[in-house]
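Protein chains: 6
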Amino acid sequence: MPRDFVERLTTPGQMVEGVFQVAEKDLRTTKKGQFFISAKLRDRSGEVPAVMWDATQALFAAIPQDGYALVKGRVGEYNGAPQILIEAMRPAKNSEIHLEDFLPVGPGDPDAQMARLKEIHDSVARPALRAFLAEFWKDEALVAAFRRAPAAEKLHHAYLGGLLEHTLSISEAALLLCQHYTQLDRDILLVGILWHDIGKTRELHYTESLGYTDAGKLVGHLVQGVVMLEEKFAAVRASGADFPEELANVVRHLVLAHHGTHEFGSPKLPMTAEAFTLHHLDNLDAKLHAFFRDVAADADPARRWTGFNRMFGGALYKGFEITVEEDKPDEELKGGL
Amino acid sequence: MPRDFVERLTTPGQMVEGVFQVAEKDLRTTKKGQFFISAKLRDRSGEVPAVMWDATQALFAAIPQDGYALVKGRVGEYNGAPQILIEAMRPAKNSEIHLEDFLPVGPGDPDAQMARLKEIHDSVARPALRAFLAEFWKDEALVAAFRRAPAAEKLHHAYLGGLLEHTLSISEAALLLCQHYTQLDRDILLVGILWHDIGKTRELHYTESLGYTDAGKLVGHLVQGVVMLEEKFAAVRASGADFPEELANVVRHLVLAHHGTHEFGSPKLPMTAEAFTLHHLDNLDAKLHAFFRDVAADADPARRWTGFNRMFGGALYKGFEITVEEDKPDEELKGGL
Amino acid sequence: MPRDFVERLTTPGQMVEGVFQVAEKDLRTTKKGQFFISAKLRDRSGEVPAVMWDATQALFAAIPQDGYALVKGRVGEYNGAPQILIEAMRPAKNSEIHLEDFLPVGPGDPDAQMARLKEIHDSVARPALRAFLAEFWKDEALVAAFRRAPAAEKLHHAYLGGLLEHTLSISEAALLLCQHYTQLDRDILLVGILWHDIGKTRELHYTESLGYTDAGKLVGHLVQGVVMLEEKFAAVRASGADFPEELANVVRHLVLAHHGTHEFGSPKLPMTAEAFTLHHLDNLDAKLHAFFRDVAADADPARRWTGFNRMFGGALYKGFEITVEEDKPDEELKGGL
Amino acid sequence: MPRDFVERLTTPGQMVEGVFQVAEKDLRTTKKGQFFISAKLRDRSGEVPAVMWDATQALFAAIPQDGYALVKGRVGEYNGAPQILIEAMRPAKNSEIHLEDFLPVGPGDPDAQMARLKEIHDSVARPALRAFLAEFWKDEALVAAFRRAPAAEKLHHAYLGGLLEHTLSISEAALLLCQHYTQLDRDILLVGILWHDIGKTRELHYTESLGYTDAGKLVGHLVQGVVMLEEKFAAVRASGADFPEELANVVRHLVLAHHGTHEFGSPKLPMTAEAFTLHHLDNLDAKLHAFFRDVAADADPARRWTGFNRMFGGALYKGFEITVEEDKPDEELKGGL
Amino acid sequence: MPRDFVERLTTPGQMVEGVFQVAEKDLRTTKKGQFFISAKLRDRSGEVPAVMWDATQALFAAIPQDGYALVKGRVGEYNGAPQILIEAMRPAKNSEIHLEDFLPVGPGDPDAQMARLKEIHDSVARPALRAFLAEFWKDEALVAAFRRAPAAEKLHHAYLGGLLEHTLSISEAALLLCQHYTQLDRDILLVGILWHDIGKTRELHYTESLGYTDAGKLVGHLVQGVVMLEEKFAAVRASGADFPEELANVVRHLVLAHHGTHEFGSPKLPMTAEAFTLHHLDNLDAKLHAFFRDVAADADPARRWTGFNRMFGGALYKGFEITVEEDKPDEELKGGL
Amino acid sequence: MPRDFVERLTTPGQMVEGVFQVAEKDLRTTKKGQFFISAKLRDRSGEVPAVMWDATQALFAAIPQDGYALVKGRVGEYNGAPQILIEAMRPAKNSEIHLEDFLPVGPGDPDAQMARLKEIHDSVARPALRAFLAEFWKDEALVAAFRRAPAAEKLHHAYLGGLLEHTLSISEAALLLCQHYTQLDRDILLVGILWHDIGKTRELHYTESLGYTDAGKLVGHLVQGVVMLEEKFAAVRASGADFPEELANVVRHLVLAHHGTHEFGSPKLPMTAEAFTLHHLDNLDAKLHAFFRDVAADADPARRWTGFNRMFGGALYKGFEITVEEDKPDEELKGGL
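Heads up: the protein sequence lines correspond to chains A, B, C, D, E and F, in order.
Everything in the first sequence is counted per the working numbering, starting at 7 for the first residue and increasing by one.
Everything in the second sequence is counted per the working numbering, starting at 7 for the first residue and increasing by one.
Everything in the third sequence is counted per the working numbering, starting at 7 for the first residue and increasing by one.
Everything in the fourth sequence is counted per the working numbering, starting at 7 for the first residue and increasing by one.
Everything in the fifth sequence is counted per the working numbering, starting at 7 for the first residue and increasing by one.
Everything in the sixth sequence is counted per the working numbering, starting at 7 for the first residue and increasing by one.
I should point out that these hints are in silico values taken from the structure, not numbers from a laboratory.
Every clue listed holds true.
One copy or two, either will do: identical chains are not told apart, so a pair holds if it fits within one copy or between any two.
PhoX-like cross-link-like pairs, simulated, lysine-lysine; straight-line CA separation at most 25 Å:
{"id": "1", "residue 1": "46", "residue 2": "99"}
{"id": "2", "residue 1": "223", "residue 2": "293"}
{"id": "3", "residue 1": "46", "residue 2": "31"}
Kindly produce the complete structure, drawing on both the sequences and the hints.
Encoded structure:
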């Protein structure tokens, strides 16, 4: 049975049955002293308030906060918005939970994106870097994680597949720029782009929800990325290929310096042309993604500015071609007058 | 009659009679148009919601916000937590208020701590500094204030006795470090430690509640500490002992420079070995105290990280040996299913 | 019929009829399932909660959020404070809206202020600057906008007439200081003062409410002021008078540098004596205005400190001559005891 | 007669006759008490020390410091390096001075660059922006200045033709990126790129030497660029074409925000996607130009790092493929042993 | 015999006899192996190079570096500038040294300035502050030090009498501003102005040379000023007058907060209207003094900009009315051509 | 033959023969046109000027700048200080160069220090950390490098053996502090101390001179330390012992966070009690070492302050017990008078 996502639970009277994440829960008492549960149910499409009358303390305790529950009920209405009236509820069994229903997923086609990235990597000419990329592509666990991971918890590309999308996007931009800035070392730049955020596969967890792992908070994806480099350098050398230590330092530097300043957590400032280029391309790609996402998501389509945006430190200008409707009452509505 | 502290008001039906601070108060009306008071009652052990039905506007106005009230009633329950049902209430008389019931008190034994500090001071050898310390110990008002004052309003050692505890703790640490860094002038360092925060006896008020005095806000404990130094230097010299002006400058400098940077309010940066040492020991003692306090107080014992901590600018890692219980439903609880 | 401003709607039972801005509106349902509207009504004197029972969804939708409505009803009471009971309501017609009722107005007499400013300008001696000022005074639209504009959205002189008041105030202060610092070029300084914030006539809108225009957000009043300078330089030169480019640069510099630092948005740092003087006088005038306004407006007249003040980054000291009443219950109020 | 540039004055005995800039001059006396002049002579290819024996105080005074002198003499040698032995010298007449000999010139072909830029501009589709560009191209004085101006005094593209080269380079990069980031408004971005540094034609002087004009120091190229925009907006509108004020604000914003932060002198932070893109492309183009220039110019070809580089705040890594010669004495040179 | 100051030692052959400070000294050997001393001699009017042939190592050692020497000789010339040919020299006796000859002295008349300051103080009305000022004026040692001290080592008013001049200048400016900003407490402001830099009498030494004392470096004039306040508060109270502690805190605050920010060494930020005003007046007076001094002292009268100025972080614009002479050779000077 | 170090080359006429580093070299010509070499010779004890008359261009070119030369000559004198008169010189052969003569060596006994560190490590109780330390101690190459490396190029412990000395010193201090702060995990702290700077064995080179390696500049000792951790974690696990990943993260964090702030290059801020403690102990140990070194090395023993000290951002106060000799001529030395 296809799942009814929250965004579609809009018709009063509509039946509801399925597994939801319990984003909030509260045990309250009616005037008559009976317990009821007020909650918010969530899946990847959104969140909806819910109420269960005639609840018990034991049931309330059993429902895990931020965990999953199997819910049965109907769509009701409260303050002009949908509210789920829960008739029955219990903790969900693991076999009933489909994580894809609860995590945001990016818009792209991962198969096509991976194929295009592979194609780009096949154009790398330096033997040492070709050997390095070969080790990446044959590491199935890493490739799978890279394909699935988000690029961030919140800031940009914050959904499954976001790391791949972001990495591929910068790679495409770099290929174009290298046509113009011909002094750049295209091969080194492409390897730096692949690896710059690969530590996010370890910095973030993205099975039940998006968030930082303990290792991510204590070590961080820049240094985790360098540790993952060492694993691959060792593999390349174990395979009999040469990977000069000087080249290894340059690649390590690309990963460590890509945030551009100490303030943003880079232990080293960019000192090579490719490191500067990676830093600017990464920054521009993240900002353009967030800009167009936040402009598209802005609550009020009739205004030219978004609200205050924390990432950008101000409101964003959506453009002057937005049609701003003037609020003029074109007919007189009488409310008793 | 021993007082029932808030932390022990947990049994529904339990009788309540005593003086509480009124942390919040709100006059509301029932559906039927009758006034009732919603409030929070507080003492040093915690805070509990309370409600008084059948209240009047006059009574509401008479109860001082953040002041003390004599309350009579019973323990009830609301949303699964205790709530006091107030039956009668009036402003407390001064004679009924015991301030110790409302201010936090440190865990240590002040008598033992003062004795230990005295013992440490007795080991000071430089005659001028011995004479100085003698003036401190014979100033009964100052000694009493020093023994009672908190070390801060909120950041660390924020309870009665905190200044003594913090000062003694740094003194012990300094004695140990001086065994290793033998070039440090142990006597000067110990006097600097005693005096570094002594201005807090004037910067803070700590009789009814903890907070900053007008003088504290306008002048601050660093400069207040120097003014208090002048009083003692004068006393030493009046007593016939010598206190060289050069030594006086060094002690003033220790007090003024102990915050380490202009940004944190020191008008002078540390320029002597003892000033650096005092700054680091003070900083470390305050942070370790706050770290272990905040980790211990963290609401959720099953998580490895505290919430965002403003003093540290991030979450604190409580350690990997915390047993994190996985939220897995081990038996099926049916809520109607 | 003279309008009853919000600040005078305090007597239960008092009739209410007039146009108000609808600051908030919310459609809710009673226990019995009937819709009612909860709202806040506002004019330049303040804001009051309101409720309309027996509302419809259509009426709710017709009332513009932040727009104007004609309201009929009575003053009621809720939680001890006035609440308007709306009996009838509809969107206001343009002809019914008097914007002066909704925008804050400064305390001064604009006619007298303009006359005084003109008198000051008449004392300017340099021919080029006299010609420049003449172009200002004969530009009726600009003079009208300058007379009506606020000096800021919130920080200081944030009301109609504020720009004039602030500009005149600095001019007076500058005249006085020039008596003492005789090396200052009084004429250049006075022209710089007139023009330093004139871009606010374009940066802000102040017809229906105070706020930033799109041009204000994208360009800003410093650069808008320079663009307005160009218009006047062209007019002076078109009139046959000479306005040396060197003098023009000095005036442009005064406008661009008056915020004093890059951090506050000046693209150039002050490099002339007049630029330093303008920066300090502007800053001091704004701060003193805000200081005395915020001290006067502080909610609690019995305290010596205001609450945390964002503009100043701390609490303000209202002075020690404030009579702080000690909260001592001088008679015993019995609440059942 | 083709000029002998300084870089070619290397053969002892070689005749020298020509106009040089006098970078330094010093009047000294020999042991025997006779005056001589020690000086440095300069043209766009470099600088060489010079000495004139048997000089007089009058001649010394007549030679303008940093001005031009006609010099006659021979190449000599001092400390193993060339030194000009001046036999005769006088201030140069204006007709003898060819400024191109003294200013650095960029490597590109301005005709080809202008043609390519024109071609790019011809691809702009928005009518208002086409009309704007038409006004630029028909303003011969501006086009000539734009073609001749440097992009900076020192930091990057600091030679005649640098502004054109830098502007064209960013335009090419933008065209490429717009293939990938298709949501960007290509036309607006191209106009912003053309105008972002156009104020440098007024901020810098570049006839006798490179440096800042008074207007440049007092106003700056960002605001000068906006003032130049106004001139062209007026021309477009005077020509009968429409240039919406909303679009004008967006273009002004691109110019004002292109430095990216207040710290670097932008009075407004970027708030549109095109503004972010322009900021990053400008920054990257300037840095890559400076990076490759400084690496190429580094004094010691056998080292992998440049010296400390002020623009980048550190040394630059020239790459590991530099052959670093180890300093090993391969044969024994005897100096008396 | 009136002293010949360095600035007047310009005529070759002129006799020299007097005491000079020895700013530099160097023992060298001639080609023939004989010792000679190269030195710089200094008094308050300037500095001149000197040479003594036929010196001995013993004499060289006896002349104190930065101390005073009695010198006898003649004016010679070297590289077109005066040079003293020392014929005899020995360390000066204390009785021969007139310190006023070596310290810079301000341009004002201290008697008149003190009288004017007294007149201003006589206008103070609050009894407590009148009593305070009385204690200042009757402390002869302090009054004498205040009259003699400089206001800074280098930044502004860096000469004997500078503290008085600066204090009086701000007082005059404050009197004027109080006519306009009538809400300011004129009496408190005047006392704050008197005391804001009074700690400089202890922070600086100014008998043999200008510089910081040990106490000045370790404690600083802000806190030294507060310590000096305590001495006077005690004296006022000892005299039987009342000086409320609340008022004392406000005066202490004025002294401590007058640098305006932590960054510039104020342990407290301004929190009263008078504290803001003092901070701005102090800053403006210091900057205007330094601005006009540095513009007047600029080496090149024909340029519109000073060199880089460290206090202001840039070059200062001297004004467009400077006549900049174009360096054009108006007649042809032949140097052999 | 024992080497005569520079510090002992003080007697005119003394014979010199040995290998020196050539710190500076300059080819000059005498009046008569003959070449001579002016140079500075250096070993670990200091630096001395030298001159070689009758040199040739070929010899000059053969002597490597900053390399080693075998020098034969005598001690002369110039300007009252020793100068080497070189009679013969040639590049040194590798076999003649003893690097220990040219690199600074610490004052301690490395054998005793290593033994003490081993003893401390033997007290570690956690099995995983014992296994980790065992891997360290059996890695002979690493142990040798750790024993020999400096702790910095210049800032503190900048000599052979400095890393060991600094690491041991913090370890001792930590042992003492753990007696007082008993909640600290002593074992984790000790391992963090051992490893915090171990990356310096790769960040610095210290065979011919002290300096940064390419890897050090591109990667840095924090991340190099983490990479070295991975090598040892792998070795521990390969040996069959358990090293929990959670513990590994905590150790990585100690290494990465020990600089305390992003500004100083830590990619992570301290989040554990041990990380705070390590940061403060490291900082204090480095500062105290530098403080006492710079005070001891200060050129002028008779002054109470060092010169401006870059590491501390100011002058250091050497203490008031320094006997400052007043420069008073106690007998009259006549220089011809």
